[in-house]
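S.K.: Model the full structure from these sequences, guided by the hints.
2 protein chains.
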Amino acid sequence: MAEAFSALERIWTDLKKPAKSVVFRQGESADFIYFIQSGALRLDYQLEDGRNLVLDFLWPDRFFGIVENEVYAWSAIALVDVHLKRLRRSAVQALTQDYPGVMDLLLKQKTASLMAAKNHIILMSCPTATSKLIGFLLDYSKRPEYFDRTTQVLTLVMSRKDIADYLGMTFETTSRIFKYLETRNYIKKINHRQIQLNTHMLLEA
Amino acid sequence: MAEAFSALERIWTDLKKPAKSVVFRQGESADFIYFIQSGALRLDYQLEDGRNLVLDFLWPDRFFGIVENEVYAWSAIALVDVHLKRLRRSAVQALTQDYPGVMDLLLKQKTASLMAAKNHIILMSCPTATSKLIGFLLDYSKRPEYFDRTTQVLTLVMSRKDIADYLGMTFETTSRIFKYLETRNYIKKINHRQIQLNTHMLLEA
DNA sequence: CGAATAATTGAAAAAGATCAACGTGAGTGG
DNA sequence: CCACTCACGTTGATCTTTTTCAATTATTCG
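Here the protein sequences line up with chains E and C, keeping their order.
In terms of the numbering used here, the first sequence opens at residue 25 and continues consecutively.
In terms of the numbering used here, the second sequence opens at residue 25 and continues consecutively.
Bear in mind the hints are in silico, worked out from the structure with no lab data behind them.
Incorrect hints may have been included.
Heads up, the list lumps identical chains together, so a pair's fine if it works in one copy or across two of them.
[Claimed, not checked] Below, in silico cross-link-like pairs of lysine-lysine (DSS-like), each with a Cα-Cα straight-line distance of 27 Å or less:
| no. | residue 1 | residue 2 |
| --- | --- | --- |
| 1 | 142 | 185 |
| 2 | 109 | 132 |
| 3 | 203 | 132 |
| 4 | 40 | 203 |
| 5 | 41 | 132 |
| 6 | 166 | 142 |
| 7 | 212 | 41 |
| 8 | 213 | 40 |
| 9 | 212 | 109 |
| 10 | 213 | 109 |
| 11 | 185 | 44 |
| 12 | 142 | 132 |
| 13 | 166 | 40 |
| 14 | 212 | 40 |
| 15 | 213 | 142 |
| 16 | 44 | 213 |
M.R.: Spelled out as structure tokens, the structure:
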């Protein structure tokens, strides 16, 4: 796997994107595969009826844009300034000939996507908005980049609407549940984007 | 791809399972990969709190049980009598050495799983139970094995509870929405498991 | 046939959406 | 640096949808 990685190193190029910028858009020709070095992204799926759905949040060390199709099935948007590696799909394809490990790596990454999707489905199936949001916060707190274990402070890189679009609710409900969790001392809002978690209590709930 | 398939043919064994039988259980050692020849299955995920979640319904020509982990992450249950092909994981692994197409096939199947999951997420994000169920019926009606295009009759191989557990609602709601759709002439119940669809109207809704 | 399982239906309660108004705070241009 | 603006977030009141719990009816399978 390390060997596959060093093979990929020879064909990737560094790429920095500012917060809120679009890495690729749903429907665009899928010429590149990406890897997140640092930062965070949101995968958006635009429905015909105008609704926008957040399919996933992406964190460092994840590949994305791996599809068999001609075009991207969803959009990738930077939530904060991101540092990416970009690989031309055709070049990756060529590498798989000499380095079977590259194929293994792609398969592993696809498995990671599938597990993320499974987790997303589990969250969405929670019977109440409160349990959805608690599940979301607990998952999120596993990201070392945005959760400080010593202070228990979680830095939200996404808006209330992003969370709502991920969990299948309205942003008003998201806001109200945050409020409710604070009154019950499950969380403490430092500011809109900084939340101190009472992990122990959240796990109990 | 055809070459990969014929390679697999040499190592798979036929397997028939009756309706309601368990093909594998969540947590069991994941020694086999399966392929559905005919019939239909349900993938169940058991949560610690006792809830049961339907992650997917599987139709013919799909591989399943493809995981990297030691154990299956969910259970597979036959909804009707099924005809399966069973392949020992280690044998498939060995085949990938000589037949790179086998790897491609596994990757393609994983992509299929991911697309199914994406679709599932889209359904679950529908704002009302009615739109969820309509989306479900329309997706389901793409299965030639269970939808008769001439009579427009859909044969449900799963219970109201299975549908509810798939869409994230209660089975009472599922039942009520079926009733509602019938009063509005979107559907016509032949019996509990046979539903005639007014596809045109459903697509409009 | 009869027991067990699945499906339906009703009434009441709870949860969430909607619509509207109001704060708040980060970023911009003077 | 300050005022302004605009996007984001919060909150309230009302209405709709869904759940819950309970009872009843169908259906299936031994």
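S.K.: Indicate, hint by hint, whether the structure satisfies it.
M.R.: Hints, one by one, checked against the model:
no.: 1; hint: 142 <-> 185; result: both (22 Å within a copy, 20 Å between copies)
no.: 2; hint: 109 <-> 132; result: both (18 Å within a copy, 24 Å between copies)
no.: 3; hint: 203 <-> 132; result: neither (39 Å within a copy, 44 Å between copies)
no.: 4; hint: 40 <-> 203; result: neither (36 Å within a copy, 54 Å between copies)
no.: 5; hint: 41 <-> 132; result: within (26 Å within a copy, 30 Å between copies)
no.: 6; hint: 166 <-> 142; result: both (17 Å within a copy, 23 Å between copies)
no.: 7; hint: 212 <-> 41; result: neither (32 Å within a copy, 53 Å between copies)
no.: 8; hint: 213 <-> 40; result: neither (31 Å within a copy, 56 Å between copies)
no.: 9; hint: 212 <-> 109; result: neither (36 Å within a copy, 54 Å between copies)
no.: 10; hint: 213 <-> 109; result: neither (34 Å within a copy, 54 Å between copies)
no.: 11; hint: 185 <-> 44; result: within (14 Å within a copy, 41 Å between copies)
no.: 12; hint: 142 <-> 132; result: both (15 Å within a copy, 18 Å between copies)
no.: 13; hint: 166 <-> 40; result: within (25 Å within a copy, 42 Å between copies)
no.: 14; hint: 212 <-> 40; result: neither (33 Å within a copy, 56 Å between copies)
no.: 15; hint: 213 <-> 142; result: neither (29 Å within a copy, 32 Å between copies)
no.: 16; hint: 44 <-> 213; result: within (24 Å within a copy, 49 Å between copies)
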